[in-house]
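So the chains spell out like this:
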Amino acid sequence: MIEIDNIHKSFGQNHVLKGISATFQPGKISLIIGGSGSGKSTLLKCMVGLHQPEQGHVRYDSAEFTSMNFEQRVPIRKEIGMLFQNSALFDSMTVEQNIMFPLDMFSDLSKAEKVDRANYCLERVNLAGRNKLLPAELSGGMKKRVGIARAISMNPKYLFCDEPNSGLDPETSILIDELIQDITAEFNCTTIVVTHDMNSVMGIGEYILYLHKGEKFWEGSNKDMLRAEVPELNNFVFASPLMKAAKESL
Amino acid sequence: MFLHHFGAYLLLLKAVFKRPEKAKIYWKETMAAMVDIGLGSLGLIVIISTFIGAVMTMQIAFQLVSDLIPNSIIGQINRDSNILELGPTISALVLMGKVGSSISSQIGSMRVTEQIDALEIMGINAPGYLIQPKIIAGLLMIPALVIIAIGCAIVGGLIGGSLSGAVTAADYIMGITENFNGFTVTVAMVKAFVFGFIITSIPAYKGFYVSGGALEVGQASTQSVVIGCISILAADYLITALML
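Residue numbers (UniProt numbering), protein chains in the order written: chain H, 1 to 250; chain D, 1 to 244.
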């Protein structure tokens, strides 16, 4: 479980996050949604420790993460898997080396065991046999899947995904969503996804946190969202004529 | 502004020299960086220093017109100039452009494509993993390159002097072997060691803290070369003033 409590973050005069609190449960997919500049990615970065909030707390299973130094955070970070918007694969390494990298750094597994683990992770994301390719040789969807494979290589307890569907065709987007869903169930991890993709919101959003101008405006499930009477949320989620029509038909 | 950057640079260096997570991985990275810096720059250093040595010999011969000065002095001046100044400093300035810009753009690209964030989230000390092997490789390989540069410049002087007729091979060899002061090599090695640190650490700092995109990575690379070159010249002056 991850708890965030009263998170405030500013960049100069720009107050990006204004007292955000929420609880993210294990085994569930939690989505953070909101318009551009609403603070979604900043909140995610505060949660994983890439940004230090000015005020507030982030707790991983009651362990106070915000006040820890780099060394104290390492044990928690070993349990974190993260999929980045642009995959953030290491350019100079092959697919296999990318997946094995956290194992090389933190495990005492033999080379054969690490290769087995990399093969398992690649099979899990339907990329078996692509071990020796370089990131530059992969399509956008494949990069995302390798990113997921790397994120699950250490059996994560917490999985963070920053816009996993951005730049992907609808079919691949659904595939990525299904993968995130399967992995969350398999590892019983606390999964937090920052997204703009309304198909994801409706498809996998078990808990949704809606941010608007740095504030928490609404929270609930995807089913609750259909009946929500929050104008800002409805303007954001049901902005397209298709989504409007879908809501009206309910 | 200067103090802000200097403070951030020192803090980065503190993070760089933290204990490695896994020594074996750092060792592999250090070896790769040594090949990259050392072997990757060897050809360039050999060509540049050989020509500098040859040109230096001809220019010294051109300026020494008195019959009272023996021709062997040309070899002596060429040797001492190359050991004390041209070998370490010209090599360092050239390497700043080649190695420095490469380090800055490599680390900068990793920053803007979130690869450094990925390392940090995994719990890896990103400054240590990315920068420490490069600094160690620079400290080991740049003095080695400077020694090669000095050797090539002296040999270049022999070839250039003989081919142009500025000095005979016998006079030149007599010049480079007489009145040799071993302390000049110590000064050259101190310079090379300090330059090796500057060439790797300043571009690493500029690359590590870049933000934005491809344009900013390019700008950081240019800035790192400019700041690095100025730092090399300032360090050159300080070491010379302190040691000679």
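There could be a bad hint or two in this list.
Simulated crosslink set (DSS-like; lysine-lysine; CA at most 27 Å straight-line) [to be verified]:
#1 D:Lys18 with H:Lys78
#2 H:Lys78 with D:Lys24
#3 H:Lys45 with H:Lys111
#4 D:Lys98 with H:Lys111
#5 H:Lys111 with D:Lys22
#6 D:Lys28 with H:Lys114
Rather than coming from a laboratory, the hints here were simulated on the basis of the structure. Since the model is a prediction, treat every value here as computed from it, not as a measurement.
Cross-check of the supplied hints:
Pair hint lysine 18 (chain D) plus lysine 78 (chain H) holds up; C-alpha atoms about 19 Å apart against a cutoff of 27 Å. Between lysine 78 (chain H) and lysine 24 (chain D) the CA atoms are separated by roughly 19 Å; this keeps the pair inside 27 Å, and the hint holds. At most 27 Å may separate the alpha-carbon atoms for a hinted pair to count; lysine 45 (chain H) and lysine 111 (chain H) exceed this at roughly 33 Å. Distance check on the hinted pair: lysine 98 (chain D) and lysine 111 (chain H) sit about 35 Å apart at the alpha-carbon level, beyond 27 Å; violated.
For the suggested pair lysine 111 (chain H) and lysine 22 (chain D), the alpha carbons sit about 15 Å apart, so the restraint of at most 27 Å is met. A distance of roughly 18 Å separates the Cα atoms of lysine 28 (chain D) and lysine 114 (chain H); the hinted pair therefore holds under the 27 Å criterion.
In summary, the numbered hints that this structure violates are 3 and 4.
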